[in-house]
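Go ahead and model the full structure; you've got the sequences and the hints to work with.
Just so you know, the sequences run in chain order A, B, C and D. The first sequence begins at 119 in the numbering used here and counts up by one. The second sequence begins at 119 in the numbering used here and counts up by one. The third sequence begins at 119 in the numbering used here and counts up by one. The fourth sequence begins at 119 in the numbering used here and counts up by one.
By construction, these hints were calculated from the structure, which means they are not laboratory data. Take these hints with a grain of salt, some might be off.
Identical copies look the same in the list; a pair holds intra-copy or inter-copy alike.
Claimed, not checked - Each computed DSSO-like pair below joins lysine-lysine, with the alpha-carbon atoms no more than 30 angstroms apart:
id : residue 1 : residue 2
1  : 133       : 166
2  : 363       : 283
3  : 283       : 133
4  : 166       : 421
5  : 389       : 321
6  : 156       : 196
7  : 283       : 166
8  : 196       : 321
9  : 321       : 156
10 : 283       : 321
11 : 196       : 233
12 : 363       : 321
13 : 321       : 166
14 : 389       : 166
15 : 283       : 196
4 protein chains.
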Amino acid sequence: MIHFDDLYRELPYTKLSHWLETVPSQLASWHRELRNSKFAGWQRVLNKLPELATTDVDFSEQVRIGDDHSIDAGMRAKLEGLLSQFHPWRKGPYHVHGLHIDTEWRSDWKWDRVKPHLAPLQGKTILDVGCGNGYHMWRMKGEGANMVVGIDPSELFVMQFLAIKRLAGNPAGIHLLPLGIEQMPPLAAFDTVFSMGVLYHRKSPIDHLQQLHDLLHPGGQLVLETLVIEGNENQVLVPTDRYAKMRNVWFLPSAEALKLWLSRIGFQHIKLVDLDQTSTEEQRRTDWMRNESLADFLAPDDKNVTVEGHPAPLRAVITAQRPL
Amino acid sequence: MIHFDDLYRELPYTKLSHWLETVPSQLASWHRELRNSKFAGWQRVLNKLPELATTDVDFSEQVRIGDDHSIDAGMRAKLEGLLSQFHPWRKGPYHVHGLHIDTEWRSDWKWDRVKPHLAPLQGKTILDVGCGNGYHMWRMKGEGANMVVGIDPSELFVMQFLAIKRLAGNPAGIHLLPLGIEQMPPLAAFDTVFSMGVLYHRKSPIDHLQQLHDLLHPGGQLVLETLVIEGNENQVLVPTDRYAKMRNVWFLPSAEALKLWLSRIGFQHIKLVDLDQTSTEEQRRTDWMRNESLADFLAPDDKNVTVEGHPAPLRAVITAQRPL
Amino acid sequence: MIHFDDLYRELPYTKLSHWLETVPSQLASWHRELRNSKFAGWQRVLNKLPELATTDVDFSEQVRIGDDHSIDAGMRAKLEGLLSQFHPWRKGPYHVHGLHIDTEWRSDWKWDRVKPHLAPLQGKTILDVGCGNGYHMWRMKGEGANMVVGIDPSELFVMQFLAIKRLAGNPAGIHLLPLGIEQMPPLAAFDTVFSMGVLYHRKSPIDHLQQLHDLLHPGGQLVLETLVIEGNENQVLVPTDRYAKMRNVWFLPSAEALKLWLSRIGFQHIKLVDLDQTSTEEQRRTDWMRNESLADFLAPDDKNVTVEGHPAPLRAVITAQRPL
Amino acid sequence: MIHFDDLYRELPYTKLSHWLETVPSQLASWHRELRNSKFAGWQRVLNKLPELATTDVDFSEQVRIGDDHSIDAGMRAKLEGLLSQFHPWRKGPYHVHGLHIDTEWRSDWKWDRVKPHLAPLQGKTILDVGCGNGYHMWRMKGEGANMVVGIDPSELFVMQFLAIKRLAGNPAGIHLLPLGIEQMPPLAAFDTVFSMGVLYHRKSPIDHLQQLHDLLHPGGQLVLETLVIEGNENQVLVPTDRYAKMRNVWFLPSAEALKLWLSRIGFQHIKLVDLDQTSTEEQRRTDWMRNESLADFLAPDDKNVTVEGHPAPLRAVITAQRPL
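Next comes the structure, spelled out in structure tokens:
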């Protein structure tokens, strides 16, 4: 039984109190309609996690809970056995009592590229759309955010997040909710909204940008990261079929086109702050993610094109502001 | 702007946390659809109420906040001027800093009749359906209830309650919500549910009893007070037109019929604990309720019949238990 | 696949065209949510029914389609084999090509008692609430009604009706819909509304009467038949548990009480036109209804009381008019 | 009072009978929520239209009802006075009893370009999305279509259509409904779906193409006309602000990009059948449309660019098939 009472206890004290008008009924529906056959098993694993309360955590430089000496080898082996049942781990890495969860992504590298361009997070209310298992949410807490909410419909990611949260002693002010962005009302309440790795999965990128806009408090900052292509403001790639073996990829605009779209929606201060071709060092198969990874998605003989012949993944980070 | 954030802050800590799935959206709808043209005026009056924080309150023997000496005569006159704008005051009396709000009803007399038959309220979660301005809710707090919720759709009663609550220093654990019982989900969560003076206004008394049943936690106590007639278990009066000048009176069963209905719904330990013909001392015109009152509803020459010729108001109190 | 296109073709030409705003989506939902495990089997039986188009029908004096000579004995045996699979047959009797469907009820006797009190049905639009398999609907057609709609949520009754309708050559202007009365909008469109044998099954008889009122065109006639008890206008029996072995019996008012309720709702010209204690000749076990019947529901030694000790079934027919 | 009973009478006889599950309630909502302050006036004009039943109509070569001799000059003047109150007339031209309604658009020219590429319309069920006042719908009837449905949310266009339909003697099989495409369920029932001049107004062109796909019967033909730009399959123009003075223009893909999108949705046999830069002869100010027109939307000194500097309107017609 996953419950969200700790969220409901915190919301009335934040700028998000009006969210209570919709979110509890959505989460109750989610709970009634759980369909993943593995969910009950995951829940048992979660309940078996030992109580290892520690105050030695670091979310500022990494996501680290305890260290090599905070538990013994037997307990560490048990922990590894439990956490490995949440395979595959995509976003990370996590360091838990000396256990190194080496995830598919070096999400810390992305954070290092993004962080210099963020409005200060200290004391802020943050939304992370498509947050995965919540890695970046911990880093936001590490920057002093007051309330970090992530949304991602994947049930596995919720369980991974709850495992880390429990091991971190269930801190307040950080919540991952199993919701899609289409379930979010236009709250106009977040100081910063992150959407990283989401836009290219949307059939309607304009509607996505509009939703992000409407979630931001006036004056708030959008941090948008998505796949782009090279080219001028009229260049947009829509794959005929798959892109890097993914079926659900729709619009890959150029960074210039994306900036124009943001402008059209009404954003201001639109800046391309990072452009980076993903390397097979940043995204790769590991012991904690044993399925195919980037190396399998690129042409064997040319790392600059996907197996389908599209340009290899190039990721832009753009920041923008909802006008005051 | 009436807001309910204090309710939302408390709910997750009570047995009522699942109520968050529906109640915030209902209260937001209520606020959007306010139609009483006097509401804005009432709100201004409420905002003008002085801050008179006092710890000298008594809800156990009466509803008293401060006394003759807690404010001066000028302030008392101001208070009277403000509170009198919430005319008519039906349920009471209230004693506020030496001001005696002499209401239409001596609701304290009813409380004295009911109280000996109540399961202890100490630490309990209570619902008062059709609570009026909330007089009995304060008395429930006086008995040590942890959480008292009243529902009544009248906007005036909400304002009267909020005025008293503010003068009492906005204590936690007592909330009047502008809802009808048909908006209540079957929470199965209250230790005690009061329905006093409601049943005879319902077109479907069976559905009302079923709703009360479904609001109670298994093992919880129902306290039902309604108009009855004399007679055996097959005696039910449905007025052809009005009853005591009221248009919306439907079923007046005998106490025996009412007990049978409760049994049919599945209640146990059904007891008639009080039967009382309302006197013109208990319900009467006062300075704080200057409209017609009981004396005007009874036949001039026979206080035992209403102006329509029906039996004069006879009120039964029945207690019953939802089975464990 | 049961479809209702013939209804939809007729509705726009009747006073019921506004019903198209709700009824097709309700019937589509019904079809999607069919749950009776026997339904598919019934449908196969229905599809096997022979095409025996005949113009020799009588709905005026009885419900008769063809006669002893319209088909041969072999075909009659086949017909009997098919129709018997829709056991139990409660309302009737039906005479189909010489086959006598001897149903539990002599519904023709009830019709004979009701018919003299009906406003003329010639050319009218009629609703039969709780119509069972539709026996009385055929008799209404026999009186010249233009459009007869029956509603009854039982899936078996729908199949029985469709079987008879097919054997009658699928005439226009007669439709049985698997709906409950709570699904009916206030159409204010029927010239006559029948509710026979329904009211005592309703938890809220007042709401039932109100719904019937709101379905009638102003000036239209209500024909209400229900179980009553002896007594004055304050006499109402609510069985503590079962009545004649039925669980879902709620209010059995006296005829006088029922007339008062109708008056309270706003009906005019309220008349008790028939009062009849059901005999074991009128309701009994037959070859086409082999379950328990009235004789099993009455006390073995006293036919005037039920097995539970309640008064034996006494049925009143009341007519009333919605004011113009 | 606009009613749609004639539509409801026809639907059950067509492949669209399941549309009755949603469309009547939508049209009833539309009628309740009419907001255009001119609507009542338009309705009076409509009711004043003379009854001029004529069998002399031509929808095949033009849209012509009667001719110079079918009514006298006085009646023609009256007709002109009435019809001119539905200003502005955009799509046409219409020839009504010798009256030439010279509309902004020579929609007949577009029809002449499209018609050679259509699957035969004889006997077919057709949808025209964004049909304007319905000009092309008449031409579809002229090709022998059995059932032509147009949808367009503009209340004025509905009135223009109803005026023409009345003058044409209210023929069956042609209906304009005040609906947006987002209100259309995936009927999978139309033989041909036209979407002309709509796509560039949609925030989500992919969703639009998907909706069109889902409206078509398998094997049915899509006829898509929209603004395009020159360029390869990765070229898409999204205007930063206005396009030809229109605010609500979103995606102008190249024809190649559009073909790719159609392919991605699952369409087959995708063909660019026409590409045409709109001339100021085809779209221009007339007596029946006295507002700004194309000449005002183009740069004064270069008819190949809009006033904003975008490429001048270039329109592609693409046909495609929903797979069987």
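Structure-based check of all given hints:
no. : hint        : verdict
1   : 133 <-> 166 : between (35 angstroms within a copy, 26 angstroms between copies)
2   : 363 <-> 283 : neither (32 angstroms within a copy, 53 angstroms between copies)
3   : 283 <-> 133 : both (23 angstroms within a copy, 25 angstroms between copies)
4   : 166 <-> 421 : neither (43 angstroms within a copy, 67 angstroms between copies)
5   : 389 <-> 321 : both (24 angstroms within a copy, 23 angstroms between copies)
6   : 156 <-> 196 : within (20 angstroms within a copy, 53 angstroms between copies)
7   : 283 <-> 166 : within (14 angstroms within a copy, 46 angstroms between copies)
8   : 196 <-> 321 : neither (43 angstroms within a copy, 52 angstroms between copies)
9   : 321 <-> 156 : within (29 angstroms within a copy, 38 angstroms between copies)
10  : 283 <-> 321 : neither (33 angstroms within a copy, 39 angstroms between copies)
11  : 196 <-> 233 : neither (35 angstroms within a copy, 57 angstroms between copies)
12  : 363 <-> 321 : both (17 angstroms within a copy, 27 angstroms between copies)
13  : 321 <-> 166 : neither (40 angstroms within a copy, 48 angstroms between copies)
14  : 389 <-> 166 : neither (46 angstroms within a copy, 49 angstroms between copies)
15  : 283 <-> 196 : within (18 angstroms within a copy, 54 angstroms between copies)
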